[in-house]
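Student: Now for the letters of each chain:
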Amino acid sequence: MSEWWTYSLSSFLLFAPRTYYRLFELYNQDIWPVQVIALALGAAVVVLLYRRAVWRGRAIAAILAAGWLWTAWAFLIDRYATINWAATYMAAGFAAQGLLLLWQGVIGNRLVPQPISHVVARAGLAMFLVALVVQPLVGMVFGRSWTQAEVFGVAPDPTAVATLGLLLTAQRPSWTLMILPLLWCAVTGATLSTMGAADAFVAPLLALAAIVLALINRRMPQSLPAREP
Amino acid sequence: MPSRIRLARRGLVCGLAASGAFVLLRPSGAPAQPRGILTRPVPSSGETLPLVGLGSWITFNVGNDPVARDSCAEVMRQFFADGGRLIDSSPMYASSQPVIGYGLHKLGMPPAVFAADKVWTSGASRGPAQIQESRELWGVPRFDLLQVHNLLSWQEHLPTLFAMKDAGRLRYVGITTSDGRRHGEVERIMRSQKIDFVQVTYNVLDRAVEHRILPLAQERGIAVIVNRPFREGALIRSVKRHRLPDWAGEVGAANWAQLLLKFIVSHPAVTCAIPATSRVDHVQENMGAAYGRLPDESLRRRIVAHVEGL
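Going line by line, the protein sequences match chains A and B. Using the working numbering, the letters of the first sequence map in sequence onto residues 1 to 229. Using the working numbering, the letters of the second sequence map in sequence onto residues 1001 to 1310.
Next up, chain A with everything else stripped away, as it sits in the complex:
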């Protein structure tokens, strides 16, 4: 296609909204009860944020990495790619993010949380809780079934937003780790907007908030030493 400017976003939407949401419904049926495990791991992350254990940063990164890698394979490649050939490329991005989290967070220990008393960390925690608790319910607010809920760790949108939130809680937020979650928030916002979804604004708005908070965080003094062993 040599005339990209003549195409609108709708030219790239290959499926109907009901097909998209039905995909989540069938996916949730197929993977049950993995969602419960994912939510339990999400709750464990909240606990870890308040613990002083030296390994907590690595554990949080490992949980996030598992969510990105699971979503890449089980959702994007195995399901979403059946209705959207671009999902293969998206899956590559999700796998890359999972590996980056393993590299920087688990091996490099660069996701050590700062005290939650820090204003940006508090905002990051709030964003994580939105992804964990609110995002799965958003569909119901707009009339969709709970069976189509998008859950942290197994669905892309809450996984991306949760990652942005947790990166904000880190003593030294990594811009490298923010790129793909931000990109995904833009992609999903465009997709949902083209579908006419009323909640299309949610992920892009949270992504914008994450950028602002990350910039604020850069200007604020850190509460703790930059790194733990």
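In short, the hints are calculated from the structure, not lab data. Glycine is no exception: its CB is placed at the ideal position from the N, C-alpha and C atoms. Worth double-checking, as some hints may not be accurate.
[What the hints assert, rightly or not] Have a look at the derived ranges for each label pair, beta carbon to beta carbon:
1. GLY1233(B) <-> GLY143(A): 31 to 39 Å
2. GLY1249(B) <-> LEU183(A): 49 to 57 Å
3. VAL1067(B) <-> SER11(A): 21 to 29 Å
4. SER1238(B) <-> ARG51(A): 53 to 61 Å
5. ARG1237(B) <-> LEU183(A): 30 to 38 Å
6. TRP146(A) <-> ASP1281(B): 26 to 34 Å
7. GLY1233(B) <-> TRP146(A): 23 to 31 Å
8. GLY196(A) <-> SER1125(B): 36 to 44 Å
Following the hints, position chain B against chain A.
Tutor: For chain B alone, coordinates are given in the frame of chain A:
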């Protein structure tokens, strides 16, 4: 269901019961068509096609959802029952091809099907493999029509398609574009290549092809498939807010879908319009446009003026 379709279906049943000899004698690839259905010949062969076909963009891309796949198969069942033949798809449409294949298999591979697909890949080397993969997804022994999707690498793909046609592995060759893109290049190909079909966007609001493409198709003996007759549903959603004009009955249009489709297929250059739907009631409405009268020139102008004025 329009009464003319019921009559046509009776005609089909009677015809099938009593015309074994005809079936034996009819030319390959030209199944018996329901009585009363409006058809137009493919200029390069004389084979006739019903004026309304079935698109698969978005509507048939339902992935592996078993319920949705069965719904699509029911749409196809109704389409064939109402006399439809041409189904159009593309490798670009994600799961639409395997869903069509599922439907054809479920319906016992209806002999009426006119399988129209596309090649959509950069460069010539991937073309044959993609065509083979598409054919396997459809589950057909060969395609009736293969088109170069959106002119992508047409210089490389057309020789492949012409070679397939010469070898008897393909019946017709075509090109496609949509939403008014690259009409100049489409014209050049229509003038320089021996294509059988051209697929373009045409509807009551998007009429750019009336100026050059459609007259050129008539002049060069090229069949025309019309995509996006309802602007992906936006047009019909828009007009449905208004009452169907009383004069729509003059051409037997019982609903907006039929009026909009009859406008398209009443252009003498148009061979077939391919509305896409995932609903049985909508395919019934659409197929109703291929029965009864068609608007003449003055009524066509009236349709345009009316819709533009809404």
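Student: Determine for every hint whether it applies to the structure shown.
Tutor: Status of the hints after comparison with the structure:
Separation of GLY1233(B) from GLY143(A) is about 20 Å and departs from the stated range, judged on CB atoms against 31 to 39 Å. Roughly 54 Å separates the CB atoms of GLY1249(B) and LEU183(A), a value that falls within the hinted 49 to 57 Å. Checked against the given bound of 21 to 29 Å, the beta carbons of VAL1067(B) and SER11(A), roughly 28 Å apart, stay inside it. Between SER1238(B) and ARG51(A) the C-beta distance comes to about 58 Å, which sits within the given range of 53 to 61 Å.
The supplied range of 30 to 38 Å is met by ARG1237(B) and LEU183(A), whose beta-carbon atoms lie about 32 Å from each other. One distance hint, 26 to 34 Å for the beta-carbon pair TRP146(A) and ASP1281(B), holds here, with the actual separation near 29 Å. Between GLY1233(B) and TRP146(A) the Cβ separation comes to about 28 Å, which falls inside the hinted range of 23 to 31 Å. Checking the proposed 36 to 44 Å range against GLY196(A) and SER1125(B) shows it holds: the Cβ atoms sit about 39 Å from each other.
In summary, the structure is inconsistent with hint 1 from the numbered list given earlier, while agreeing with all the others.
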